[in-house]
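Here's the letter readout for the chains.
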Amino acid sequence: MVNNKTTERVVITGMGIVCPLGHDIESTWQAVLAGKSGVDETTIFDASTFPTTFSAEVKGYDFTRFTKNPQLHKDANRGSRFAIGAGVQACRQAGINVETDNPADGIDRRRMGIYLGAGEGAANHEAFFSAIAAGWDSEKQQMDWVEWTDVAAVQMKAMHELEQEANMPAAHLAMLTGARGPVRGCLTACAASTQAVGEATMMIRRGDADIIIAGGAHSMIHPLGQTGFNRLTALSTRNDSPQTASRPFSASRDGFVLGEGAAIVILESLSSAKKRNVPILAEVIGYGSSSDAFRVTDMHEDGRGAIQAIGAAIRDAGISYKDVDYVNTHGTSTQENDSIETKAIKAVFKERAKQIPVSSIKSMMGHLIGAAGAAELITCVLAIRDGIVPPTINFNDPDPQLDLDYVPNVARKMQVNIAMKESFGFGGQNNVVIVKKYQD
Amino acid sequence: MGRTRVVITGIGVVSPLGLTAGKMWEGLCAGRCGIKKISAFDPAKFSCQLAGEVENYKIQQYVPRSFRKATKLMSRDIELAVIAADEAVRDSGLITRAIDEQKVNVKPERMAINVGAGLISCDPCELAPAVAKSIADGKFDIRKWGKEGIELVTPLWLLKYLPNMLACHIGIIHDIQGPSNTITCAEVSGHIAIAEAAEVITRGNSDIALAGGAEAKVNPVLIMRQCLIKRATTRHNDDPEGACRPFDADASGSVFGDGAGIVVLENLDNAVTRGARIYAELIGSGQSASINPAYEHIEPDGCGVTIAIEKALAQANISPKDIDLIIPHGTGVPQDDLAEAKGIEAAMDKEAGRIPVWPTKSMLSNTGAAAGAIDVVAGVCAMRDGLIPAAKNCEKMAPGCNLNIVKETIKTDIRYTLCFGYTHGGQTAALVLKRFEN
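Same order as they appear, the protein sequences are chains H and A. Residue numbering for the first sequence follows our numbering, starting at 1 and increasing by one per position. Residue numbering for the second sequence follows our numbering, starting at 1 and increasing by one per position.
Mixed in with the good hints, there may be bad ones.
What the hints assert, rightly or not - SDA-like, lysine to any residue: derived pairs with alpha carbons at most 25 Å apart:
| # | chain 1 | residue 1 | chain 2 | residue 2 |
| --- | --- | --- | --- | --- |
| 1 | A | K147 | H | A234 |
| 2 | A | K45 | H | Y61 |
| 3 | A | K107 | H | N124 |
| 4 | H | K74 | H | E126 |
| 5 | A | K230 | A | Q335 |
| 6 | A | K133 | H | I356 |
| 7 | A | K23 | A | I95 |
| 8 | A | K107 | H | E301 |
| 9 | A | K434 | A | Q335 |
| 10 | A | K147 | H | S241 |
| 11 | A | K72 | H | H160 |
| 12 | H | K140 | A | E296 |
| 13 | H | K157 | H | L232 |
| 14 | A | K107 | H | Y61 |
These are calculated hints, taken from the structure and not from any lab test. Here the structure is a predicted model, which means the values were calculated and not measured.
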């Protein structure tokens with residue numbers, strides 16, 4: 001394919017979020033700055049006997065508030081419903097008309113795309129477990145598929161099944177916005193929405209679209225998701241104190257806290273944003289992606305892949321590591337991630353490593369898995385806007401090995417010109433996006 | 001900035017017609033059908049009892065000795081992808097860590113990977129002992145599961161079912177350290193993964209990329225899903241070969257199957273410098289969306305189909321009259337086939353009646369995330385041999401479809417091939433391949 005490299009600058013003109021700390025940008029941001037925790041007992045299903053009994057749920061959310069046509073989206077899964085709320089907010093801010101056949105926003109729908117790092121919808125667990133229970137012959141250790149089918153065919157529901165596919169959140173946003181440009185989705189585990197924003201930025205840069213609705217949506221707070229993470233011993237089991245369970249970079253960190261939500265940014269070419277005369281929130285200046293090629297179970301010990309992705313993003317941005325004012329970490333609160341991420345930051349930022357504030361908002365909103373990167377990127381944009389960086393809460397027992405400035409417990413006022421978002425996916429897919437205060 | 005051209009230098013396929021690209025092509029040319037009665041589980045009470053199953057294989061044969069233990073962490077989707085990647089890399093002449101650790105001729109950090117994946121369903125039998133342990137009063141009890149059942153789930157269970165693990169395993173096996181992505185756009189995952197990997201090369205982030213897709217659809221949960229959504233045909237349980245009938249008047253639904261397709265994409269300069277055999281050039285991609293309130297089908301006029309094709313042609317800088325072959329999505333679901341045909345006709349304008357259209361799913365079944373990549377390989381083989389095999393099961397064109405479906409094998413020069421796909425949900429994607437010319 002021909003290299004159509006253009007000089008298009010890419011800016012953010014709208015943002016929306018539905019997460020455990022709020023159902024819109026401003027209330028979420030206020031909660032983050034106040035150091036609030038969105039973690040509590042799990043209520044979506046009965047997790048009372050699981051090794052972990054808590055999570056960071058989105059509570060009291062009503063997606064019908066965001067659409068004139070809830071009937072059209074009635075079968076949408078949890079992640080898709082979050083995406084609808086976050087997407088509509090972002091479109092409104094960017095002046096993109098939704099739910100109309102005759103948009104008056106001056107945007108060519110063929111030049112508007114979607115790129116989501118979105119997760120699969122939850123399985124119909126009741127049907128799934130019941131069918132297995134009906135069909136399994138414990139003595140023979142084999143499945144009677146006829147018995148299995150009798151239950152599955154009745155209990156599984158067609159639209160629920162269709163809506164489970166990971167491309168469905170993007171499909172709902174396409175219906176809402178009429179986007180006819182490139183529509184993509186990726187699922188690189190915990191790095192998915194950072195990758196979506198990064199790749200979407202590249203699409204605009206090379207002129208494949210003027211606008212891309214980018215971000216992520218995911219919920220893995222369901223019996224099989226939690227079973228999987230619990231068995232991996234990746235989750236915190238601090239059941240007696242859910243609010244302090246997510247404690248990135250602390251010595252006593254014992255795993256991440258499962259969260260859920262959606263976060264969407266409107267990426268737009270600078271020329272389109274100027275033509276439409278919409279406020280510009282920040283500029284996306286760099287993106288880097290790499291793989292560890294190490295083990296599916298562990299990060300590379302030296303943070304090789306992480307270092308490579310950060311380096312690639314810095315090169316892509318055409319800046320020096322000295323220019324970065326703030327790093328929003330992957331910071332999951334697992335022993336492994338936080339120590340390797342710290343190593344990687346030291347390797348890249350050298351003598352400046354301890355001077356740069358690096359924080360993890362997963363301490364407050366938990367880990368949104370596919371949606372995490374975009375949600376965290378949004379806080380980078382807000383840090384630039386308001387001149388204040390979010391804290392890492394629950395930071396009460398520093399790990400002697402980890403000696404960076406993690407912005408402990410209290411948000412900090414400081415000018416931020418350039419902020420970096422790091423995301424590292426399970427299995428070794430690493431993605432980094434750099435945003436900058438917009439200057440003409 | 002000069003032009004960066006992206007070429008295909010290696011192909012690998014696992015399909016119901018065989019475990020290699022060569023076997024698949026042979027089967028397609030011979031008009032063989034890979035669809036049979038399901039043997040992976042007893043489908044007696046399924047409304048559709050057919051699938052495109054892949055013959056038995058030993059995964060250990062496709063990974064380096066040092067990686068054999070890690071095959072325990074592979075779901076079938078991952079295995080299929082790993083096998084196709086092994087073939088594609090060997091076919092390309094590249095020597096990665098997996099091929100020969102002593103003679104590696106690639107730079108790991110200059111290699112990228114992008115493997116499309118489906119929604120991987122776990123094997124119900126694998127969780128059955130844990131479920132059996134969680135029964136109280138004859139019913140599944142989530143509290144028992146959380147305490148006792150869960151203990152019987154193997155600790156690394158989740159890692160087998162994360163869609164990104166296809167790319168991760170291949171990346172580890174072949175030591176690919178550059179950009180890595182996992183496209184999860186159902187049946188266009190393969191198309192998009194290949195398009196995006198090419199973009200990674202054109203923007204200079206890598207010289208070589210492994211790209212494609214894989215999915216194991218022959219799983220009771222996934223086949224049941226297709227039955228419930230009514231995409232699977234129910235009329236041909238006694239006639240597997242005649243079951244999937246894209247664009248045919250008697251079409252009644254699709255048939256699903258297992259598969260994987262991986263291609264090696266390479267910066268042309270890199271390929272020329274190392275003297276690689278070049279199959280074809282990827283010269284354009286285009287994407288759009290179908291917007292339909294009844295989103296279990298694509299919109300009746302196929303507008304999203306038309307836009308994706310138009311974009312791909314524009315990027316390729318060619319017009320419909322240049323296209324020699326179209327490999328459509330063609331699933332055998334009548335309503336969607338008709339909409340796709342309309343979309344293609346609108347994009348091809350006066351040329352629609354001329355261009356040979358060759359649907360492959362009648363023989364290969366619908367392999368989900370693998371389908372696009374498998375079609376790309378089929379297109380590459382067709383261009384290489386100057387041959388379009390006859391399509392199967394389109395005996396009488398469905399009313400309203402006005403396409404030139406390939407009835408008899410055609411021997412002809414093929415310079416440009418268009419591969420196309422769409423999803424339920426609406427994503428559409430088109431790729432334009434060109435026979436390689438210097």
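Hint numbers not upheld by this structure, sorted from lowest to highest: Violated hints (numbers, rising): 2, 3, 6, 9, 11, 12, 13 and 14; every other hint is consistent with the structure.
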